[in-house]
Amino acid sequence: MSDRSLLEQLYQSIGVNPHDLWGRLDVARIEIHANRVLGVHLVPGLEVEAESRAEGIAAKIAVRPGAQLAHPVQVCFGMIPDDGVQQIELRIEIGADARAGVVAHCTFPNARNIRHEMDATLEIGPGAEYAYFERHVHGAEGGVLVVPKSKVVVRPGGRYQTDFELIKGRVGRIEIDVEATVEAHGTADVSARVSGRGDDAITIRETAHLVGEHARSALCTSIAVRDRASAEVFNTLTATAPFARGHVDCKEIVQGEAVARAVPIVDVRHPKAHVTHEAAIGSVDAKQLETLMSRGLNEDDAVDLIIEGLLGGKRQRLD
Amino acid sequence: MNTILALRDIVLTLGGKRILDGLTIDFWQGHIHALIGPNGAGKSTTANLIMGLAGYRNFQGDLIYQGESIADWSIDRRARAGITLAWQEPARFEGLSVRRFIQAGAKDRGEARTREVLEDVGLDPDRYLDRAVDRTLSGGERKRIELAGILAMEPKLVLMDEPDSGIDVEALECIFGALRFFKQQGATVIMITHSLAVLRRAEHAFLICSGKVVNKGSVEKISQYFEQKCHSCDDRTPTLAELEDIRVGP
Chain A
0 MSDRSLLEQL YQSIGVNPHD LWGRLDVARI EIHANRVLGV HLVPGLEVEA ESRAEGIAAK
60 IAVRPGAQLA HPVQVCFGMI PDDGVQQIEL RIEIGADARA GVVAHCTFPN ARNIRHEMDA
120 TLEIGPGAEY AYFERHVHGA EGGVLVVPKS KVVVRPGGRY QTDFELIKGR VGRIEIDVEA
180 TVEAHGTADV SARVSGRGDD AITIRETAHL VGEHARSALC TSIAVRDRAS AEVFNTLTAT
240 APFARGHVDC KEIVQGEAVA RAVPIVDVRH PKAHVTHEAA IGSVDAKQLE TLMSRGLNED
300 DAVDLIIEGL LGGKRQRLD
Chain B
0 MNTILALRDI VLTLGGKRIL DGLTIDFWQG HIHALIGPNG AGKSTTANLI MGLAGYRNFQ
60 GDLIYQGESI ADWSIDRRAR AGITLAWQEP ARFEGLSVRR FIQAGAKDRG EARTREVLED
120 VGLDPDRYLD RAVDRTLSGG ERKRIELAGI LAMEPKLVLM DEPDSGIDVE ALECIFGALR
180 FFKQQGATVI MITHSLAVLR RAEHAFLICS GKVVNKGSVE KISQYFEQKC HSCDDRTPTL
240 AELEDIRVGP
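Protein sequences, first through last, are from chains A and B.
Mapping to numbering that gives the first Met the number 0: the first sequence position 125 is 124, numbers consecutive.
Mapping to numbering that gives the first Met the number 0: the second sequence position 68 is 67, numbers consecutive.
Please note that a few of the clues may not be correct.
To be verified - DSBU-like, lysine-lysine: derived pairs with alpha carbons at most 35 Å apart:
#	chain 1	residue 1	chain 2	residue 2
1	B	K211	A	K286
2	A	K148	A	K286
3	A	K286	B	K106
4	B	K211	B	K16
5	A	K150	A	K271
6	B	K182	A	K286
7	B	K155	B	K106
8	A	K286	B	K155
9	A	K167	A	K286
10	B	K106	B	K182
11	B	K211	A	K271
12	A	K167	A	K150
13	B	K182	B	K155
14	B	K220	B	K16
15	B	K211	B	K182
16	B	K16	B	K106
17	A	K167	B	K16
18	A	K271	A	K167
It is worth saying that the hints were derived from the structure and are not from the lab.
Remember, predicted model here, so these are calculated numbers, not experimental data.
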């Protein structure tokens, strides 16, 4: 299969017409299939170095200090075959006072036995702003193991925002691990929204360390599990500096024989820091369900719509 | 008059208390009806039972809708047959947009119709379609959005539980406007209310007390009776002597 055909299949699986994107010279993009970078288009201020490895790629993405990317960088990575391994080692550096966003589509439409690992380190420079949105699209079989790990340092006054979404197709098994260290006046806003069914297994670890004065963080997780799926969410927020502010929020909807667990840990070691947490696990709200059924939706469709709202709605942001 | 819905000798007991006690009513097709009565009389219970909500399904008697018993029907089956309910306090849906909420039960799910029904309840589509039906909306806004969804559904029978509860005058006018649209659509409306302003929008009223119809007829007749005889009796069941001049039945 040609590279172009592979890319077209990847994009089709996420509902994007690649020709629309390829025609946009003002939008940067990076396209990766398995262990090969099939396409890179850069814009001023953005630098990408990538090399193929046996089972994946290693890449460094840098945004030069002061650069302001007008449009989010479009990243598409995944695998068309039904089995294989994709390991991505990523180093991201956002220079001081730079501003950049990334929209990443990760797709395994035919997965039966796929392992996808991401090992990322990020440094958000002083006064820089970086927003990352990652949407996963998996096939109907659930034969995927996804292990994304990120270690992030947010330098003074930097802003880091990440949102992970996996609500289409089967999850398979996913183990998300994000750990952010936030320095003075910095912000880390971490969110994940995942819907599991069948025997899907979801583990999410979100951690933020507020180490600088006025550092802020929100860790928000929304999960829906049905059938025999399971979800475990470990949110940890530590605050060791004055005027640090943080919030942990975990919502889980459980249907059928599914199991959900939330373990929020709040560790405050400065009397002028303030951290709150909120966790809610339960079935779909009966009044919401009956309202939608009184519009003619059957129970399954009503549950789907409620979950679509919970997982697909605009995520919480810090003030 | 054609009867669209008939309640036949309904007895419902909740928590050991008989809430509906032989309730028998005929609702006429295309009319706006009001159910009034003191708190605890069984008005909202009647609406919930007609809709088939959980906890209101185990009753004696029968519910006949368009000539067919619907006592065993699920909520959604009743809704697909044209029955729906506007709640006293509409549910909130985190993350669900007004557009998706309205379109969920709409007969025509097109954008034009969605915008039209929002305008019908006095809300600007450009400001509301992409907002979530959540706590950022006021109670009055949620009531109007719920009515917009019901207008889009084009139902045959609309149950409105205290449509004026918790809303301002402007929102109330929009709700009265929705009543006119329902009437134009040929829908039957059953309103549960304590408000004279709402009652006056009805064409026919039933006074319920202790789970029974104790009087029925024109709005003027029933409102007068309610004002004169029921406001002083609070929650208690009228005695036979008090009820002797009441005519119940067709």
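Broken hints, by number: 2, 11, 16, 17, 18
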